[in-house]
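Trainee: Chain by chain, the residues run as shown.
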Amino acid sequence: MKLRIFVPRDAGAVAVGADDVALALEQAAAGRGIPVDIVRTGSRGLYWLEPMVEVATPQGRVAFGPLTEADAAVVLDAMVADGPHPLRLGVAEEIPWLKRQVRLTFARCGVVDPRSIEDYRAHQGYNGLQRALELGSEAILADVTASGLRGRGGAGFPTGIKWKTVAQTGADRKYIVCNADEGDSGTFADRMIMEGDPFVVIEGMTIAAVAVGASKGYIYIRSEYPHAVAAMNAAILAARRGGYLGERIGGSDHSFDLEVRVGAGAYVCGEETSLLESLEGRRGIVRAKPPLPAHKGLFGRPTVINNVLSFAAIPFILEGGAKAYSEFGMGRSRGTMPIQLAGNIKRGGLFETAFGVTLGELVDDIGGGTFTGRPVRAVQVGGPLGAYFPRALFDTPFDYEAFAARDGLIGHGGIVVFDDSVDMARQARFAMEFCAIESCGKCTPCRIGSTRGVETIDRIRAGDRVAENIAVVEDLCNTMKFGSLCALGGFTPYPVMSALKHFREDFDPARTRLQAAE
Amino acid sequence: MTPVYEPWDAARGADIIAEHASLEGATLVILHALQEAFGYVPEPAIPMIASALNLSRAEVHGVFTFYHDFRRQPAGKHVLKLCRAEACQAAGGDALAARAEAKLGIGIGNTTPDNRVTLEPIYCLGLCATAPSAMLDGRLVGRLDEARIDALVAEAQR
Numbered sequence: 001m002k003l004r005i006f007v008p009r010d011a012g013a014v015a016v017g018a019d020d021v022a023l024a025l026e027q028a029a030a031g032r033g034i035p036v037d038i039v040r041t042g043s044r045g046l047y048w049l050e051p052m053v054e055v056a057t058p059q060g061r062v063a064f065g066p067l068t069e070a071d072a073a074v075v076l077d078a079m080v081a082d083g084p085h086p087l088r089l090g091v092a093e094e095i096p097w098l099k100r101q102v103r104l105t106f107a108r109c110g111v112v113d114p115r116s117i118e119d120y121r122a123h124q125g126y127n128g129l130q131r132a133l134e135l136g137s138e139a140i141l142a143d144v145t146a147s148g149l150r151g152r153g154g155a156g157f158p159t160g161i162k163w164k165t166v167a168q169t170g171a172d173r174k175y176i177v178c179n180a181d182e183g184d185s186g187t188f189a190d191r192m193i194m195e196g197d198p199f200v201v202i203e204g205m206t207i208a209a210v211a212v213g214a215s216k217g218y219i220y221i222r223s224e225y226p227h228a229v230a231a232m233n234a235a236i237l238a239a240r241r242g243g244y245l246g247e248r249i250g251g252s253d254h255s256f257d258l259e260v261r262v263g264a265g266a267y268v269c270g271e272e273t274s275l276l277e278s279l280e281g282r283r284g285i286v287r288a289k290p291p292l293p294a295h296k297g298l299f300g301r302p303t304v305i306n307n308v309l310s311f312a313a314i315p316f317i318l319e320g321g322a323k324a325y326s327e328f329g330m331g332r333s334r335g336t337m338p339i340q341l342a343g344n345i346k347r348g349g350l351f352e353t354a355f356g357v358t359l360g361e362l363v364d365d366i367g368g369g370t371f372t373g374r375p376v377r378a379v380q381v382g383g384p385l386g387a388y389f390p391r392a393l394f395d396t397p398f399d400y401e402a403f404a405a406r407d408g409l410i411g412h413g414g415i416v417v418f419d420d421s422v423d424m425a426r427q428a429r430f431a432m433e434f435c436a437i438e439s440c441g442k443c444t445p446c447r448i449g450s451t452r453g454v455e456t457i458d459r460i461r462a463g464d465r466v467a468e469n470i471a472v473v474e475d476l477c478n479t480m481k482f483g484s485l486c487a488l489g490g491f492t493p494y495p496v497m498s499a500l501k502h503f504r505e506d507f508d509p510a511r512t513r514l515q516a517a518e
Numbered sequence: 001m002t003p004v005y006e007p008w009d010a011a012r013g014a015d016i017i018a019e020h021a022s023l024e025g026a027t028l029v030i031l032h033a034l035q036e037a038f039g040y041v042p043e044p045a046i047p048m049i050a051s052a053l054n055l056s057r058a059e060v061h062g063v064f065t066f067y068h069d070f071r072r073q074p075a076g077k078h079v080l081k082l083c084r085a086e087a088c089q090a091a092g093g094d095a096l097a098a099r100a101e102a103k104l105g106i107g108i109g110n111t112t113p114d115n116r117v118t119l120e121p122i123y124c125l126g127l128c129a130t131a132p133s134a135m136l137d138g139r140l141v142g143r144l145d146e147a148r149i150d151a152l153v154a155e156a157q158r
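Sequences listed follow chains A and B, in order. Mapped onto our numbering, the consecutive letters of the first sequence carry residue numbers 1 to 518. Mapped onto our numbering, the consecutive letters of the second sequence carry residue numbers 1 to 158.
Hint data in this document are derived by calculation from the structure and do not stem from the laboratory. None of the values given here were measured: they were computed from a predicted structure. Wrong hints could be hidden among the right ones.
Said to hold, decoys possible - Simulated DEER-style distance windows between Cβ atoms: (1) ASN54/B x GLY320/A: 26 to 34 Å; (2) ALA288/A x ASP15/B: 37 to 45 Å; (3) ASP9/B x PHE394/A: 56 to 64 Å.
Stated by the list, open to error - Facing chain A, from chain B, some residues (calculated, C-beta under 7 Å): (4) VAL4; (5) ALA58; (6) GLY62; (7) HIS68; (8) ILE106.
Backbone N, C-alpha and C fix where the C-beta goes; we use that ideal spot for every residue, glycine too.
Okay, chain B solo, but in the shape it has when bound (with noise of 0.2 Å):
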């Protein structure tokens, strides 16, 4: 399923601040919760944080950037996250992800020149014994081979 985001509008943005900033510590859920509606967190959310938290700027632009699963800019139409982590190169993960990178002629961490596919490492799914697994817009996909990796390939591409 593809995820449907919401154009950036600044009073949306406003009511998710307000909605969660009387959390202890709620800087975290509320990038969150920006991301999940806008399928990232665009830059003028971040001084807005900051008035709602009593933050500097400079204080929720570090958190923002601190935590790898943050964006910048919306990732393309799909999102295939390979798992990088030791379990996943003991099954033969490495091999995998290569072909993935050559399929897509993209390598780990980059969208496709079409935005179709955003291609990112992950460091573990927790499906080490299903392993190599991956994560396609959410959907979990264990004992990963050849034939999987390019069916998942192809649906992204879609």
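Looking at chain A on its own, in the form it has when it is part of the complex (with noise of 0.2 Å):
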């Protein structure tokens, strides 16, 4: 009997040897004349053990991890005689970092063949969508409002709603688009899951569709991400010839067919309107609001534009799991959360999890705490434009409203762990140089804002009138919050803010020469 190994071919995984290791299981089974079947999936998100394999046994999947190619020949030795080694792990499932965990979302992420629509429709694949196709355009709307979906993108608008209007708005065209511009440090859940899932997010993207009568989708990938453009190529490329996409999709009489778009390296495009410019070929500058996109979007038309994670989430809710969906979770935020755990840490990787969870968990518990092993000292969450969280907020539950309630925000799930050696003051000058950097213009805030947030916290690091700087900062703070039309400008204030909040004393220049001198 062939053995069946599975080595993930996550760009996570790769980075950190997957592929040699690949290789090497190939050759250490040649060699011993063993046969063996190689199956490369997506990553289970547990990236400490990277690169993880795993070998098909009646038991189960039994992993092994993290690998290096000198351990191939021996590892396989041990997966043959189904014997101890230093590497096994046990079932992966059963691994608690997994078990844990409430996949919904991720349910099929690093078990299955990405590439294989035959192995995505036998793990309950394309059900979602023949379901959406029975019930047509209403009945879904009813599913996706009631299991209380919000946009996972970080702005946490419920996507029923929004789903609804662009139905309810005529037009000659309508579009689905993905937002998988995915460019805040700390997160990889959109990466992970294109890479190792990709037909869940093509699926929920044909339900979106179905919902609201559209003919065309795009999904904007970042050209950071060259692995995920592949696996959602090759994935469009399969399911149109399994009829799930193109003519009369699932033998409908819906019609609907996808494109993959790559960005440019402009942050500022995870921004949906610089986004819907960008795809119609221009500058990625914001666009003024109304009106929404969901009446004029691209191309002027209405358009669903959602996270790749939200249309991830909607297969399951279609599959019946509305309900099941809108049970998990606490107060407004309803369901999972696949939030990722990175940086300094010790287990870093994808936690997906209901909502109502603390940051403490998430840290401490979960992630292990630092890498370095020294004490977390500041978290940030939401990427780039979210808050640094001090121990003394640990106890905040992971919800939209309970990080906005402490001047923070959860954005796209991703929790950056710094240890004490952390300078916060250099963090807040790094917010404002990304924000002088990857601003696109529009705004006079964000544009200049963030460059004399730069020079003055220079000023404050200097020890040059300090008291009277940090006001400066924090009026520009205040100017750049509310002046600014989008995201970038409107919240590069909250890092600034909770740096000089929770760290004051890291903008002390005393301090700071101490630092140096040592």
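Join the two chains, each given in its own frame, into one complex according to the hints.
Mentor: Below, the structure written as structure tokens:
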């Protein structure tokens, strides 16, 4: 019998040697005359264990990791003998870090072959679309609304309401646009799902198309993600061949086709109106709202524009899971959130769980603290525009409103952990610097305020009229927050102000000099 | 693997532009395709795109210069991109970036005088749980430490 071995081709696993491990396993098997079938999957998201390989056994898939090329031969022997090995982790699904998650969106990621539509179908794939085609527009919209799903890109707008608006707007053409411009540092869930389960994104978009009556969709993927671009393109071809994209999808009266478009390194294009401009072939300059994209979006047509994770949550909901989905979570944050643990963290990776888990649980308990072993001092939640939280706020539950109440945001669910060697004045400066680099230039407070912010923080760090200059930064932040059209200028104040509020001592020049002398 | 680019050729450029000109919002697609063929977007291509898409030269120039990805001139033989965003900063990326700059004798954003290596910042490769990370000519490398960054720099210099 052929040994079935699963090795991730996820970019995060490849970056730490998964391709080399796959090759070494193949060579070791050939050398021993053992017939093997190496399946390249996505990642399960336990990145500190990557490259993590699995072998199919009667007990389930048994995992080993983290592997190097040098381990391959011995691990292969352990797989064949079903024997012990120091890197043996047991049945993958029983690994506590994975077992305590609620994987609704990421159920298949790391399990299936992302290039195989048959494998997708064998794992409940396209059940949601099939039911959606039977239900029709109104009932689909009712299901999405009942699920309580809110936009996973960060803004948290109710998806059902957005779709309904597009459905009710008359037009000759409508579009579905998937925002896969995942530019926030500390986030990688979009990349993972596109590489590990691309069909779920396609299925979610197709269901949206059926619900609102759209015939064409675009997935706008950032150029920094070449692996995701390749995976999505391959999946689109397979879906077209399988009759799930193109004319009369799934044998119905609906026609829908998809195209991948690649960004060009502009962070601001993750903002939806800027993304639409970019898709239209222009500079990624933010548009004023209204009109909403739901009324006048891509090429002036009604457009559903959602994040990858929002679309990826849809197939589960339409498979009959709307109620089940809404039963997870807290307050107005329903369902699950794929949370990404990153930076200086011992057990980093993707942790999908119901809303309500506290920041402290995520960082200390699940993440295991820092990999440097030093104390956690600050965590930035929600990307470069998210606030820095100190340990004192670790009781904050993961929930849109709870974070907003503490002057933060959950954004796209990324958590970046810093140890006590971090200089928070420097991080505040970086937030301003990043905004200056990435500003599209439309709003003066963002375009110029960010540069003035960098200069002023430099003065503070040099000990020049500290109190006065801190007041200038606070004033600048206020102007940026209320004087910018989009979240780039509007939210850059979050990291800056939170650093000032919770880590004021780092802006004291005496301390800055002390650190420099170390 | 070192990418191999064609020298600029107007007829070939025109073919590439024509191939994509009928797409909706084709400008970025064309700029990407030209850069993939020639390694940069040659200046003479700008008016050609404008004419094919019925846009002004200023509009196409505006798009070309807005996006960080598009190059006005060819990069060095190898392009080493270091992730400079927060997750990599938290994992010690700043010191490694300084180390790469010192080894190559250039600051980030520059090309070595022998034209071998272009060192660039990148704001997030999405490898934030295996930080710090880098990309050498399209190949991803995570969990960088001093030994790995030295090896990457040496490889780029070859």
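Trainee: Each hint should be assessed against the structure and marked as holding or not.
Mentor: Hint-by-hint comparison with the structure:
1. For the hinted restraint 26 to 34 Å between ASN54/B and GLY320/A, the CB-CB distance of approximately 49 Å leaves it violated.
2. Look at ALA288/A against ASP15/B: about 39 Å separates their beta carbons, and that is inside 37 to 45 Å.
3. Our hint of 56 to 64 Å for ASP9/B and PHE394/A holds, since their Cβ atoms are close to 60 Å apart.
4. Evaluation of the VAL4/B hint against chain A yields a violated restraint, the C-beta minimum of about 17 Å exceeding 7 Å.
5. Hint on ALA58/B is violated. Least Cβ distance to chain A is approximately 11 Å, over the 7 Å limit.
6. The closest approach between the C-beta of GLY62/B and any C-beta of chain A is roughly 5 Å, which is under the 7 Å cut-off, so the hint is satisfied.
7. At about 4 Å, the closest approach between the beta carbon of HIS68/B and any beta carbon in chain A falls short of 7 Å, and the interface hint on this residue holds.
8. Interface restraint check: ILE106/B against chain A, minimum CB-CB distance 19 Å, threshold 7 Å, status violated.
Checked against the numbered hints above, the structure violates hints 1, 4, 5, 8; every other hint is satisfied.
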